[in-house]
Structure formats: C-alpha cells, structure tokens
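> Sequential numbering from 234 applies to the sequence shown in this note's numbering.
Just so you know, these hints were derived from the structure itself, not from any lab. If you're wondering where the values come from, they're calculated on a predicted model, not measured in any experiment. For each residue, glycine too, the CB sits at the ideal point set by N, CA and C. Among the clues, some could well be false.
Have a look at the derived ranges for each label pair, beta carbon to beta carbon [unchecked claim]:
1) Ser388 x Ser410: 20 to 28 angstroms
2) Ser388 x Asp265: 25 to 33 angstroms
3) Ala264 x Lys323: 33 to 41 angstroms
4) Leu381 x Glu319: 19 to 27 angstroms
5) Gly301 x Gly380: 19 to 27 angstroms
6) Asp265 x Ser406: 20 to 28 angstroms
Below, simulated DMTMM-like cross-link-like pairs (lysine to aspartate or glutamate); rule was C-alpha separation at most 25 angstroms, straight line [as the list claims (entries may be wrong)]:
7) Lys337 x Asp402
8) Lys323 x Asp340
9) Lys408 x Asp280
10) Lys323 x Asp401
11) Lys408 x Asp340
12) Lys323 x Asp420
13) Lys337 x Asp420
14) Lys337 x Glu359
15) Lys323 x Glu397
16) Lys337 x Asp280
17) Lys337 x Asp401
18) Lys408 x Asp371
19) Lys408 x Glu359
20) Lys323 x Glu359
21) Lys337 x Asp265
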Amino acid sequence: QIAENNRRLLREQEVAKDVFDRVTHSGCLNADNIQASISPMAIFNGDIALAGVSPSGNFCLMLGDFTGHGLNAAIGAMPLAQTFYEMLGKGFLLTDILRGVNLKLYDVLPTDMFCCAIFVEINYREGTMLVWNGGLPDCQLLRAGTGLCQPLRSSHLPLGIRPEHQFDDRVESYKLSPGDRLLLWTDGI
C-alpha cells in the first residue's frame with residue numbers, strides 16, 4: 234500500500250511538473266546566447282528563470298528564488314511566469330512588468346512568501362542594459378577585454394512584499410560592449 238501510494242504521488246508530481254515546465258519555460262532559455270542551469274534537490278523548487286524578446290526586439294531575462302523548498306516554493310512561479318510572458322508579449326516596459334509581477338505576487342502569495350529576483354532588459358540596438366535586483370546576491374557584468382567584473386547589487390526588497398503604491402521600480406542602466414557577459418545566480422550557488 235505504501236509503495237503504491239508513493240508511485241501515485243510521484244506520478245502526480247511528474248504530471249504537475251510537466252504543466253509547470255510548460256508555463257514557466259515557454260520563453261527562449263534555449264537560445265544560443267544563454268547558458269542556464271537549475272539543479273533542484275527535488276522535483277519542485279523555488280528557483281525560476283524566464284527569458285523572452287519583446288515586440289520591440291529587446292531581450293528580457295528574469296531569475297528568481299522563492300522562499301521555501303519543494304512545491305510550496307514553486308507554486309508562485311506559475312503566476313510570475315504568466316504575468317511576465319503576457320506583459321512582455323504586449324510590449325510593456327520593464328518597469329511595468331516589474332510592477333505587474335510584484336502586484337500579482339503580492340495579491341496571491343501568503344504573507345510569509347516572496348521572491349528574490351533580478352530582471353534584466355538588453356537593448357541590442359542601443360547597447361544598453363537595464364537591471365533591477367531585489368534580494369538576490371550581487372550578480373556580475375563581466376566586461377570584455379578588461380575581464381573586470383561590475384557588480385549588479387541588490388537595492389530593492391524582493392517581489393511580493395510591498396503593495397503597489399510602495400513598490401520601487403527604479404532600474405540601474407549600463408552601457409554594454411560586444412563580448413560583455415552577464416553572470417546571474419541565486420543564493421543556491
């Protein structure tokens with residue numbers, strides 16, 4: 234009986250994971266210019282990576298880490314991904330997407346749950362990058378030629394903590410050069 238219940242539970246988790254992956258990985262994480270690795274300790278985890286291209290051609294990337302572990306941590310990824318991809322596809326600005334995602338998470342998550350995240354928008358035509366980091370460890374912009382690392386510091390609270398009227402959507406702007414590399418990670422590293 235225990236073995237049968239365990240098999241059924243694992244099957245249910247695999248089906249749920251399939252649906253979860255379809256929602257959260259509908260972007261372009263498999264593009265040639267992206268190398269991503271998520272190494273969960275269980276079928277579900279709180280780490281999420283999203284990437285897509287806006288109608289204007291800007292590349293947007295989001296890396297996040299929900300509080301907790303397992304299914305409880307992963308549950309917030311679905312509304313986050315849905316909001317991110319819908320708003321990105323409609324051509325919303327990065328700050329609007331941030332506000333939309335924060336509002337959605339603030340509305341649906343329990344008060345003890347939030348998402349540390351970094352959002353990046355790269356405008357290849359202008360050679361610029363906008364960054365918003367809320368609670369993730371300092372990530373890095375590795376400069377081509379010099380090999381110097383420029384920190385992308387967390388200067389905001391995580392998503393889902395503040396109501397809309399208190400949310401800070403200010404972004405940092407960086408000038409990019411060909412060959413620059415962006416290195417992002419969660420505290421799981």
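> Against each hint, give a clear statement of whether it holds in the structure.
A quick look at each hint next to the structure:
| no. | hint | in the structure |
| --- | --- | --- |
| 1 | Ser388 x Ser410: 20 to 28 angstroms | holds, 23 angstroms |
| 2 | Ser388 x Asp265: 25 to 33 angstroms | holds, 31 angstroms |
| 3 | Ala264 x Lys323: 33 to 41 angstroms | violated, 21 angstroms |
| 4 | Leu381 x Glu319: 19 to 27 angstroms | violated, 37 angstroms |
| 5 | Gly301 x Gly380: 19 to 27 angstroms | violated, 37 angstroms |
| 6 | Asp265 x Ser406: 20 to 28 angstroms | holds, 26 angstroms |
| 7 | Lys337 x Asp402 | holds, 15 angstroms |
| 8 | Lys323 x Asp340 | holds, 22 angstroms |
| 9 | Lys408 x Asp280 | violated, 28 angstroms |
| 10 | Lys323 x Asp401 | holds, 22 angstroms |
| 11 | Lys408 x Asp340 | violated, 35 angstroms |
| 12 | Lys323 x Asp420 | violated, 31 angstroms |
| 13 | Lys337 x Asp420 | holds, 23 angstroms |
| 14 | Lys337 x Glu359 | violated, 31 angstroms |
| 15 | Lys323 x Glu397 | holds, 21 angstroms |
| 16 | Lys337 x Asp280 | holds, 18 angstroms |
| 17 | Lys337 x Asp401 | holds, 15 angstroms |
| 18 | Lys408 x Asp371 | holds, 18 angstroms |
| 19 | Lys408 x Glu359 | holds, 9 angstroms |
| 20 | Lys323 x Glu359 | holds, 21 angstroms |
| 21 | Lys337 x Asp265 | violated, 31 angstroms |
In summary, the numbered hints that this structure violates are 3, 4, 5, 9, 11, 12, 14 and 21.
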